[in-house]
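The whole structure should be built from the sequences, with the hints applied where relevant.
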Amino acid sequence: MTFPLLVFAVDREIFAGKARSLSVPGADGELQILAGHTPLIAQLREGDILIEGENGIQTKLPIAGGVIEVKPHEVVVLVNF
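Sequence positions in the sequence shown follow the working numbering and run 1 to 81.
Treat the hints with care, since some could be wrong.
Unchecked claim - Cβ-Cβ distance ranges computed for the label pairs, FRET-style:
hint	residue 1	residue 2	range
1	D11	G36	15 to 23 Å
2	N80	D28	16 to 24 Å
3	D11	T38	15 to 23 Å
4	A35	D11	23 to 31 Å
5	P72	G17	12 to 20 Å
6	A42	P4	12 to 20 Å
7	E74	L50	14 to 22 Å
Stated by the list, open to error - In silico lysine-lysine, BS3-like type, Cα no more than 25 Å apart, as pairs:
hint	residue 1	residue 2
8	K60	K18
9	K71	K60
10	K71	K18
Keep in mind that the hints were calculated from the coordinates and are not lab data.
Note that CB positions come from ideal geometry on N, CA and C, so glycine has one too.
So this is what it looks like as C-alpha cells:
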C-alpha cells in the first residue's frame with residue numbers, strides 16, 4: 001500500500017508522489033509512517049528523512065529540522081536545511 005507524500009522546503013518542492021514508507025527524525029525519536037497511519041503533527045530534529053517510493057527506490061534526505069503532518073489521506077513534511 002502507498003500514500004500521497006509531499007515534502008517541501010521554504011523555497012521549493014522536494015518530493016511529490018506516492019510512497020510505501022517514510023522515516024523521519026522526530027523530536028522525541030524516530031518515526032516511521034506507513035499507509036493508514038494515525039493522524040499526527042510532530043516536530044522534526046536534525047537527521048535524515050528516508051522515503052521509499054512506490055517503485056521501491058529509497059531516497060535519503062538530510063535535514064536540519066522541520067514539521068510533519070500525517071492526515072487521513074496524505075502526509076505533508078516541511079523541512080529546513
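**Request:** Would you pick out the hints that fail for this structure and give their numbers low to high?
**Result:** 1, 3
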